[in-house]
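S.K.: Guided by the hints, dock chain V onto chain E, whose structure is given.
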Amino acid sequence: MWKTILRRILIMIPEIIILSILVFLLAKAMPGDPFTGSINPKADPAQLHHLMKINGLYDPWYQQYWNWVVHLFHGNLGNSYQYQEPVTRLIGGRAINTLWLALFTTILTYCIALPMGMYAAKHEGKLPDSIIRVYTYVTFCIPFFVILVIGVWIFGFVLGWFPTTGSISSTATPGIQSVGSRIYHILLPGILGALFGTVNVVQYLRSEVIDAKRSDYVRTARSKGVPEKDIYKHHIFRNSLLPIAAFAGYSITGLLNGSLFTETVFSYPGMGLLFINSISYRDYTVITALVLIYGILNLLGTLLSDIILSIVDPRIRIQ
Amino acid sequence: MVKTKNKLVVAAVTFLAVLTLAGCSNNSSSSSNAAVKFSTTYKNSDATDKTATKNGTLKLALVSNSPFQGITDPQLASNASDSMAFAPGNLNNLFKYDKNYKIISGGLADQKLDRSAKTATITIRKNGKWSNGSPVIAKDIEYAYEVLGNKDSTSSQYSSDFENIEGMAAYHKGTADTISGITMPDGENGKVAVIHFQKMSPSMQFVGNSYISQYIEPYEHIKNIPIAKLASSAPVRKNPIFTGAYKLDKVVEGESTSWSPNKFYYGKKAQIGHITINVVSLNNIDKALQSKKYDSVVPFPAASLGGTDYKNLKNVKGFTNVGEPSLGYSYFAFNLGHFDTKTGKNVEDPSKKMSNKSLRQAMMYALNVDQVSKKFGNGVKQRANTLIPPVFQKYYDKNAAGYALNIKKANKLLDDAGYKKRNGSKWRSDPQGKPLTIHFGAMSSNATTEATYQDYLQQWHKVGLNVKLVNGKPIETNSFYDTLQKPSQNTMDLWLGVWSLSSEPSQSQLYGETAPFNMGHFATAKNTQLINKMNDSSAWNDKSRTKTFKDWQEYMNSQAGVVGEQFSYAWQPVNNRVKGFNISPANDVDFYSNLTLTSSSMK
Numbered sequence: 001m002w003k004t005i006l007r008r009i010l011i012m013i014p015e016i017i018i019l020s021i022l023v024f025l026l027a028k029a030m031p032g033d034p035f036t037g038s039i040n041p042k043a044d045p046a047q048l049h050h051l052m053k054i055n056g057l058y059d060p061w062y063q064q065y066w067n068w069v070v071h072l073f074h075g076n077l078g079n080s081y082q083y084q085e086p087v088t089r090l091i092g093g094r095a096i097n098t099l100w101l102a103l104f105t106t107i108l109t110y111c112i113a114l115p116m117g118m119y120a121a122k123h124e125g126k127l128p129d130s131i132i133r134v135y136t137y138v139t140f141c142i143p144f145f146v147i148l149v150i151g152v153w154i155f156g157f158v159l160g161w162f163p164t165t166g167s168i169s170s171t172a173t174p175g176i177q178s179v180g181s182r183i184y185h186i187l188l189p190g191i192l193g194a195l196f197g198t199v200n201v202v203q204y205l206r207s208e209v210i211d212a213k214r215s216d217y218v219r220t221a222r223s224k225g226v227p228e229k230d231i232y233k234h235h236i237f238r239n240s241l242l243p244i245a246a247f248a249g250y251s252i253t254g255l256l257n258g259s260l261f262t263e264t265v266f267s268y269p270g271m272g273l274l275f276i277n278s279i280s281y282r283d284y285t286v287i288t289a290l291v292l293i294y295g296i297l298n299l300l301g302t303l304l305s306d307i308i309l310s311i312v313d314p315r316i317r318i319q
Numbered sequence: 001m002v003k004t005k006n007k008l009v010v011a012a013v014t015f016l017a018v019l020t021l022a023g024c025s026n027n028s029s030s031s032s033n034a035a036v037k038f039s040t041t042y043k044n045s046d047a048t049d050k051t052a053t054k055n056g057t058l059k060l061a062l063v064s065n066s067p068f069q070g071i072t073d074p075q076l077a078s079n080a081s082d083s084m085a086f087a088p089g090n091l092n093n094l095f096k097y098d099k100n101y102k103i104i105s106g107g108l109a110d111q112k113l114d115r116s117a118k119t120a121t122i123t124i125r126k127n128g129k130w131s132n133g134s135p136v137i138a139k140d141i142e143y144a145y146e147v148l149g150n151k152d153s154t155s156s157q158y159s160s161d162f163e164n165i166e167g168m169a170a171y172h173k174g175t176a177d178t179i180s181g182i183t184m185p186d187g188e189n190g191k192v193a194v195i196h197f198q199k200m201s202p203s204m205q206f207v208g209n210s211y212i213s214q215y216i217e218p219y220e221h222i223k224n225i226p227i228a229k230l231a232s233s234a235p236v237r238k239n240p241i242f243t244g245a246y247k248l249d250k251v252v253e254g255e256s257t258s259w260s261p262n263k264f265y266y267g268k269k270a271q272i273g274h275i276t277i278n279v280v281s282l283n284n285i286d287k288a289l290q291s292k293k294y295d296s297v298v299p300f301p302a303a304s305l306g307g308t309d310y311k312n313l314k315n316v317k318g319f320t321n322v323g324e325p326s327l328g329y330s331y332f333a334f335n336l337g338h339f340d341t342k343t344g345k346n347v348e349d350p351s352k353k354m355s356n357k358s359l360r361q362a363m364m365y366a367l368n369v370d371q372v373s374k375k376f377g378n379g380v381k382q383r384a385n386t387l388i389p390p391v392f393q394k395y396y397d398k399n400a401a402g403y404a405l406n407i408k409k410a411n412k413l414l415d416d417a418g419y420k421k422r423n424g425s426k427w428r429s430d431p432q433g434k435p436l437t438i439h440f441g442a443m444s445s446n447a448t449t450e451a452t453y454q455d456y457l458q459q460w461h462k463v464g465l466n467v468k469l470v471n472g473k474p475i476e477t478n479s480f481y482d483t484l485q486k487p488s489q490n491t492m493d494l495w496l497g498v499w500s501l502s503s504e505p506s507q508s509q510l511y512g513e514t515a516p517f518n519m520g521h522f523a524t525a526k527n528t529q530l531i532n533k534m535n536d537s538s539a540w541n542d543k544s545r546t547k548t549f550k551d552w553q554e555y556m557n558s559q560a561g562v563v564g565e566q567f568s569y570a571w572q573p574v575n576n577r578v579k580g581f582n583i584s585p586a587n588d589v590d591f592y593s594n595l596t597l598t599s600s601s602m603k
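Top to bottom, those sequences are chains E and V. Numbered per the UniProt record's numbering, the first sequence finishes at 319, counting up by one with no gaps. Numbered per the UniProt record's numbering, the second sequence finishes at 603, counting up by one with no gaps.
There may be inaccurate statements among the hints.
[Claimed, not checked] Quick list of in silico lysine-lysine cross-link-like pairs, PhoX-like style, CA-CA up to 20 Å: (1) 421/V - 53/E; (2) 603/V - 28/E; (3) 151/V - 53/E.
[Said to hold, decoys possible] Some but not every residue of chain V turned toward chain E, in silico, with C-beta under 10 Å: (4) 231; (5) 256; (6) 279.
Treat the hints as calculated values from the structure; they're not laboratory data. Virtual Cβ for every residue (Gly too), placed ideally from N, Cα, C.
Isolated chain E, as found in the complex (with noise of 0.2 Å):
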């Protein structure tokens, strides 16, 4: 196994150097650059034109691509023009942020949904089942943006349960006070993300217990008499896994992604805002550097999910 995966690992090698021309191509292609849309009345164009002098923004793309790859092994990805600063540390200080709320709403969607699948599985056709199919395809249905400004106006305006705006108080002291600021910060757009997420994995595992339950192992357990708690516990639930743990690797890598809607409504600085900024302001190192991110996180989250399928059903070997 562990030759295959440090085949696949060379195999990413050439498919991220691709990628990193294209990202860097596609970002020059966009009109305008980092400094068109700063003018202002006492703004000198000549001083933009040395901005973009200095910055080598003047110069042949595969001369800027070059320096860009020199600087990168180097650890280097090279300065935001638009919050100059290293981009290495802006993403650093975003990444924490949306860290934080993506693995608790992971966390939270999955300890809803897995208990919620299985019961409407167990219960297929009656009453709960029914309740929970409606509730899944009813979150599914409605867009998140919309729970989330009905949420923040209800929990956060009118009840005043939870903060509306960042990731923390701003007179948090550092330690214990600053962590709970945290998390209250998060709890609100966790709970919502949560509530709202569990289509995939309730639908997903619900259909794929209903199908073993009906499938020839499980029928042989009950006809030896194992008690249906051990049935559920040992033999569906397990192998139901499946799918879900197809996902997990994306899932894990995902969490980094960010969520634009999220962070727009709470003012929460994450990377999808920072991404969407990026994009808006032209701020080329910090687009291509979050597109190379995401773009290596993705091909991770293929090994890392086949590598979970492994562990998870032991047939299955990755070769």
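M.R.: Frame of chain E, contents of chain V only:
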């Protein structure tokens, strides 16, 4: 607080704006739409509660859809959000000024202009200190110019106007290590800096002019950091010092700042125990204020709240609205020529589609900007009758007629100029009989603004002009300006742009003959003459300068090369527990130290 580097990029409200819950409750749009009269001051008759003030926290919201960047140095920041996030530190403003932005004495430093010696002498007050207790020195003034003009500086605020300072050009090129035209008679640690100019300009009397920086740099605090790395350094981002009434306690990157009184402040001592500033998105700000999460928003002279917000917030209990005319305005500009890169001059090109003055005037008379402003501005927007916003009380020509709706006149102008409907076509053709299609460029924005584009198109169609949106839809901001800034373009025949003036409203860099931002290339001899006259020797006389500004406004209206669309109010609600809230420019320097609270909880 005066911000001069407001981005042209108007916050393009994303699709989320449509979802603002705000509009739900109130569907009336016809009544109470007359222009609102705002006062710059909220006169609170309640007495200050000393304990509540001392122990209380004033909560301000910073209205923005994206995190602020965290650059405390106003000379390096490129975004208005930063100047708002760090406003209680006063952004190291040197001067105090009156309501017309004219520099007066009584600030951190006084300025004396000597026209015959061609110098500006800036004297720092004796008790001027930074928030870490160290004195403000002459080198702090000089270093501001080094930070701006250094060849490796990341600042986008350097302009060729600074090369009016002796030796600045050489320093900017990197051929000199110091700026020879800035001297410090009492040494670097003294209190006096003298700036030597090649020529003096009347605009130097006003804050925000393009020759004298209104800011200083904390030299001792940052001297060890290369200027190229200043914007990302800890002394600028993590532990900055200020000269204002409040000192920074904590900054949470991109989302909030908190402040407490600066005991070293030279002026009136700050009274409120704490101030916090939090970023709040445009979608949430109305609800946040209605549910009393904030006392107010950070004052901003180019307006952070719009007409829809006003509709939602005008009657909220416990709040009073204050406002002043905004520094920003929107305008229609016509494509009349090109920028000659060899001579560095804008040149009009008589063969351009829009070169006919009657056509331009007719297009403006066809629009009903008054009604659009009423319908969508809810009283905080009005038709712009000139190109100088009313905030410049002296220069603004309130009697200018501008272009109010007059379809009859529009039709007549077109008929007389030979733009007639020929061969049964529903569209007018040009005087030579060729079909005429006019391409209108507009930036993508929120749903309300985009609805107004459709109204404008309809109005033009009414007078028989075949006007179309470029590419059939609004253009993304960056592409919009990318197209317009090309020396020559034929994509847009006219466009709707937005920008904000500096607090010193000279027009040379916007509409001057050599201004690259004169994107319509309107460049007549008379225009050049009037713009130059705004800052020639006659303009030292206030009356004469005022007259020139009014003449220029009249001339621009008569030529219709660029026509104002809308003025707006920079307005904001203030909770009734706040006392001393006055957003007049004259109060900028003392704004935060004048604030007190009349109760510990919001009203």
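S.K.: Against each hint, give a clear statement of whether it holds in the structure.
M.R.: Here is what the structure says about each hint:
1. 421/V - 53/E: 51 Å, violated
2. 603/V - 28/E: 52 Å, violated
3. 151/V - 53/E: Answer holds: residue 151/V to residue 53/E is near 11 Å, not above 20 Å.
4. 231: This hint holds: residue 231/V lies near chain E, its Cβ roughly 4 Å from the closest one there, short of 10 Å.
5. 256: Nearest chain E Cβ about 4 Å off; hint holds.
6. 279: OK, holds: residue 279/V within 10 Å of chain E, min 5 Å.
Checked against the numbered hints above, the structure violates hints 1, 2; every other hint is satisfied.
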